[in-house]
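S.K.: Protein chains in written order, with the working numbering: chain P, 1050 to 1217; chain Z, 1050 to 1217; chain C, 4 to 505; chain R, 4 to 505.
Among the hints, a few may not be true.
[Unchecked claim] Under the rule of at most 27 Å between Cα atoms (straight-line distance), these lysine-lysine pairs were calculated in the DSS-like manner:
#1 Lys-1101(P) to Lys-75(R)
#2 Lys-6(C) to Lys-456(R)
#3 Lys-1112(P) to Lys-478(C)
#4 Lys-313(C) to Lys-407(R)
#5 Lys-240(R) to Lys-1183(Z)
#6 Lys-1101(Z) to Lys-74(C)
[As the list claims (entries may be wrong)] With the C-beta cut set under 10 Å, the calculated list includes, among others, these residues of chain R facing chain P:
#7 Lys-41
#8 Met-43
#9 Arg-46
#10 Ala-48
#11 Asp-49
#12 Leu-148
#13 Phe-195
#14 Gly-378
Worth flagging that the hints you see were computed from the coordinates, not collected in a lab. Cβ atoms here follow ideal geometry from the backbone N, Cα and C, with glycine treated the same way.
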Amino acid sequence: MSLEINIDGSSSVVKLITQDGNNYKISVNDEDYDVDLVEVEKGVYSILYNNKSYNVELTPGNKPKTYTINTLYNSYDIGILDAEAKYMKNRKSDDLDDDSTISSPMPGKVVRVLVKKGDSVKAGETVIIISAMKMESEYKIKKDRKIIEVLVNDGDTIDGNQPLIIIE
Amino acid sequence: MSLEINIDGSSSVVKLITQDGNNYKISVNDEDYDVDLVEVEKGVYSILYNNKSYNVELTPGNKPKTYTINTLYNSYDIGILDAEAKYMKNRKSDDLDDDSTISSPMPGKVVRVLVKKGDSVKAGETVIIISAMKMESEYKIKKDRKIIEVLVNDGDTIDGNQPLIIIE
Amino acid sequence: MIKKVLIANRGEIAIRIMRTCREMGILSVAVYSDADRKSMHVRYADEAYHIGPSPSNESYLVIENIIDAAKKSGADAIHPGYGFLSENAEFSDRCKEEGIKFIGPSSESISKMGDKITARRTMMAANVPVVPGTTDPLTSEEDALKVIKKVGLPVMLKASSGGGGKGMRLVTKEEDILPSLRAAKSESMASFGDDAVYVEKFISSPHHIEFQVLADSHGNVIHLFERECSVQRRHQKVIEETPSPLMTPKVRNEMGEVAVAATKAANYQGAGTIEFIMDDNLNYYFLEMNTRLQVEHPITERVVGIDLVKEQIRIADGQKLKYKQEDLSQNGHAIECRIYAEDPDNNFMPSPGTILHITEPLGLGVRHDGYVYEGYEIPIYYDPLISKLIVWGIDRDEAIQRMKRALFAYKIMGVKTGIKFLEKIMNTPDFVEGKYNTQFIEKNKDILMEENKCDGDCKAIATIAAFIDYQNRLKKVKDRIHPDDVNNNWKAFGRKRNITRL
Amino acid sequence: MIKKVLIANRGEIAIRIMRTCREMGILSVAVYSDADRKSMHVRYADEAYHIGPSPSNESYLVIENIIDAAKKSGADAIHPGYGFLSENAEFSDRCKEEGIKFIGPSSESISKMGDKITARRTMMAANVPVVPGTTDPLTSEEDALKVIKKVGLPVMLKASSGGGGKGMRLVTKEEDILPSLRAAKSESMASFGDDAVYVEKFISSPHHIEFQVLADSHGNVIHLFERECSVQRRHQKVIEETPSPLMTPKVRNEMGEVAVAATKAANYQGAGTIEFIMDDNLNYYFLEMNTRLQVEHPITERVVGIDLVKEQIRIADGQKLKYKQEDLSQNGHAIECRIYAEDPDNNFMPSPGTILHITEPLGLGVRHDGYVYEGYEIPIYYDPLISKLIVWGIDRDEAIQRMKRALFAYKIMGVKTGIKFLEKIMNTPDFVEGKYNTQFIEKNKDILMEENKCDGDCKAIATIAAFIDYQNRLKKVKDRIHPDDVNNNWKAFGRKRNITRL
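With the sequences and hints as input, model every part of the structure.
M.R.: Okay, structure coming up:
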């Protein structure tokens, strides 16, 4: 068994070499790991490697064949790159792109709109501040963009997923 | 839908009259109950009846179609009596009978054997005390019986399910 | 004696109040919106009443519905918790009219302290120090220059009708006074249709320190010492501790006396909090009074040893305070961390969702006040607070070590939380040394937003876990298919079977 | 300073020790048997080493394997917890030989206190009151009559080599002395091949009270006050509390001094417990010394405010005690309940099994020290203790109310537990009034074994829940079958489908 696995952007080839009960010999990019691995709770693995104890939690990601994985202190985004996933990936457009509509997943209130129609906005700039679930959140732009339309005003009450700002 | 349900030895006929989302009208022995019932965790139901809040936990019993159910303070043994269960029940011998072999489900040590071969023992009497999991347990007889064989001595180390005493 | 209390709230605070009710032998009544049918407070309560749709302005904020539930249940008192209707004068009044005890202050006290200008004037009359400045609008540019000279730079110009930072200007240099005044006035006019502006001394990088008070209906008032609440993000408290690392016994006594005087001036009854700002020289000024139980009340409970909700209920019941000021002292050190469903890597955006798995930190010196459980979906309608983690230590060092231990063991899957961010605060030198003010998070943002280092193997370990989990899931899917069904289902499962052959 | 500690134990106590290690910045090393690979202590530790098959005499009790793991891991100290090797003199010695710090007393202290006769003699020499009687065997029937007259009836005749109640006789009347002596001697001879018998005063219905002590390697000894442990079933502690409801300040001081003297006489180092029995007139007698941490140590931690494991590690590290006797006091009241996997309706038979669901009680004043999690299978090889529930209250009344509240909220599915039994103890008048001794459970067994009353509806509610759950499960089974498959699977599912048509 062998799989290509993407972790935080870089990919590794993972192979199962041998298995004996909980004990696995697995190679990650040709480096061998002897681990004692057991699923203790749903999505939680106890892994012993060189007698170090790791409690690893796997949460399914938003997309199929992806995980968010927590080890002791770190959190990783992981994707399984099988043939299908690779095919889909090649077809897919740039992941870093913005959606053309900015909206809040939660109902809330517009604290402040920081742009107006026709503005040119730089990557990383905040365009709107929304208060939802009693907290204020800043919505930023990922790439340099132009504002096509602003659909709300300061103080407006908004529904979840209501379009707020249309960008280029 | 209707089912016969046995609770702590007495049986009730339970019928679903209407259902609207969480809200059920159910009759138990011809008495109607309007309950708001929802499974909140696996095997745990939140039930509102006359605005009283019940947190009800269902654990599968040792036999099929049986439950142990905990309400606020009480614990009940419940069995679903469908046609099959009734058929099985009629065929089955007296539930209150002893097994003919006394054994401990856990490994442990014999603290004291209180009977010997040929003894006549009265219902409720302790025949052997076993220490297992660091606790001492008394094993009692449910009906008047005769001791056929004693297979262990005080102080013996025993395995789980090892026969200890054979009774009539 | 009160026999049945309706808790007009949800989440952790509803459960926290119900726990005390149970200890006192009082029945608790939950109210819930559509989104909260499965919420723990409904499950924990003795009774539960539905009060409307999910948005809080159609349920938890509807006085009529709450009163209706109280009458139906026969509750003889209502505890409002914090937020929602807890500082609503009309609600306090309405309860009184209906003959239901409101576990909180009178509408008069709420109104008096709710209006910032009235509160400021009340406090000045009671000789409670307030931030120097004026409470009346500046009448002219000459007046402004005169007043600001008296107050001393830097000052903050504030719109009388202001809010949300609008019509506000910080003035640090004399030559900026008039231009700033004009800008503030015009902004205020544009925003609120009123150009009245007043002046307050600007306290840079202040500390936020508050005092817990208890006042009964017989005129007795005590304070339960301070809480240090300077670790804030966007004016929201993140971590609180008591005692304050800044405080001296002398200032503590003095401020305690001031807090008691302030409470008396407000004609207050119940549990309340006097908030102060304090500069680095321990000069302190009344900021506002919170006329309810605070989120961070547990740290006071832990070091003083008093159940504040129990005292609230006793006071509402007309009983005299059980404790005198001289009975009280602070024992050890307590810290609270607020755990929100939020994404620290994405500007702390709320992160509602379903709790897939939770491991709560327990053991010596740890209190955990939460309400979520595995399978529970945090609704999008309310505050994303998941729980409060409170630790106690014999001294501040032990409390910090214990909080680190507790945060390390606290695991939640399914929603993002600020747990790792809080752990970093516990390791930040300014916090460890107790040298921080409300600028703490801003000042230390490089440390706080730094990525966690990995010793090298954890990436491989994570990869291996994903590998095995994926294989196991594939295997399960395969096993679920009955051998006879494989051909029929070839289309659906063929692709997955192919993968295992790679 | 100690940098890495191997914990030669499992279950809740292993985790409890690891928590303190983490607070001190010390790495923790777990050891585990076959049955414990999934156990929480393995998951919580920084490192974990396998030490053998499931039975403890092939793993946790094998000194060689523990030492081996300690060497491999580079641990510089071993904490034995309670049970297993914690009072094994050979183990203490072996650690010393290997240059590993044993977090506990020397082998000499363990041996001296482990042998009941030696302990008794050591205490008598240190003027610690012991139960009146002899430590030497009775030489003749005349000697017996003389000695028993001096000690005073009732007395207990005990076989010198005795144990498990054999060769033991209670004598209450003078005319029974000689017959009882003869019976005891012959039983002792039959059981142990030795007819030596000695005499002890019989204390009827005694109280069991113990004092916590700490002794460093510099000759400093302090006590941390008493624990009342009289609620026992089959000589096993069920509930402990501190302060003891029986105690007076005068007797407490006196016993504390005696405990310190006893500790010094044992040449003791580390945390230990001096157990006393006490009669209704507050006469107290040394019973034995436990040369380890006790299960019930958390109640002392809570009222005195000291982490005992932290102190144990500091002492093993050669540090001086941080506290002087005069620094210490008792603050409030603490109670501990032990939650076992046991079946109270079936003579408290151990009830191992898989934890299907657990809701842990939390909130103000509650400490919960456990180790199980959902899906964890409690092994059949070890102590069935699931967790310890410790509550604190400002006074005993509040502590009892809080314990009731915590027990009410504590839910475990999958194994039977004593939770409801413990709740009944909290409601038993003798306990509530603090008037109880070691006969408490026997005396109150009618109250304690009574069935819980139901207000009438709970039976119907339980029936309804079963009804719906059963229907839902049937439905799920049906839904899982693909429409096309129904015919193929008719045989297997036909019966279930029939049911839904009833």
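S.K.: Give a verdict on every hint.
M.R.: Comparing the hints with the structure gives:
1. Of the pairs offered as hints, the one joining Lys-1101(P) and Lys-75(R) holds, with about 12 Å between alpha carbons and a cut-off of 27 Å not exceeded.
2. Taking the CA atoms of Lys-6(C) and Lys-456(R), the gap is about 21 Å. The hint holds against a cut of 27 Å.
3. A hinted pair counts as satisfied when its Cα atoms are at most 27 Å apart, and Lys-1112(P) with Lys-478(C) qualifies at roughly 20 Å.
4. A C-alpha spacing of about 16 Å is found between Lys-313(C) and Lys-407(R), which places the hinted pair at or below 27 Å, so the restraint holds.
5. At roughly 13 Å between alpha-carbon atoms, Lys-240(R) and Lys-1183(Z) fall within 27 Å of each other, so this suggested pair holds.
6. Simply put, Lys-1101(Z) and Lys-74(C) have alpha-carbon atoms about 15 Å apart, close enough for the 27 Å limit, and the pair holds.
7. Against a cut-off of 10 Å between C-beta atoms, the interface hint on Lys-41(R) holds, since the closest Cβ of chain P lies about 5 Å away.
8. Because the smallest distance between the Cβ of Met-43(R) and any Cβ of chain P comes to about 9 Å, under 10 Å, the interface hint for this residue holds.
9. At a threshold of 10 Å, the smallest CB-CB gap from Arg-46(R) to chain P is about 5 Å, leaving the interface hint in force.
10. Because the beta carbon of Ala-48(R) sits about 5 Å from the nearest beta carbon in chain P, less than 10 Å, this interface hint is met.
11. For Asp-49(R), the shortest C-beta to C-beta distance to chain P is roughly 6 Å, which falls under 10 Å, so the interface hint holds.
12. Hint status for Leu-148(R) relative to chain P: violated, with the closest Cβ pair at about 65 Å, above 10 Å.
13. Hint status for Phe-195(R): violated, given a least beta-carbon distance of 46 Å to chain P, over 10 Å.
14. For Gly-378(R), the suggested interface contact is upheld, since its CB lies about 5 Å from the closest CB of chain P, less than 10 Å.
Hint check: violations occur at hints 12 and 13; the rest are consistent with the structure.
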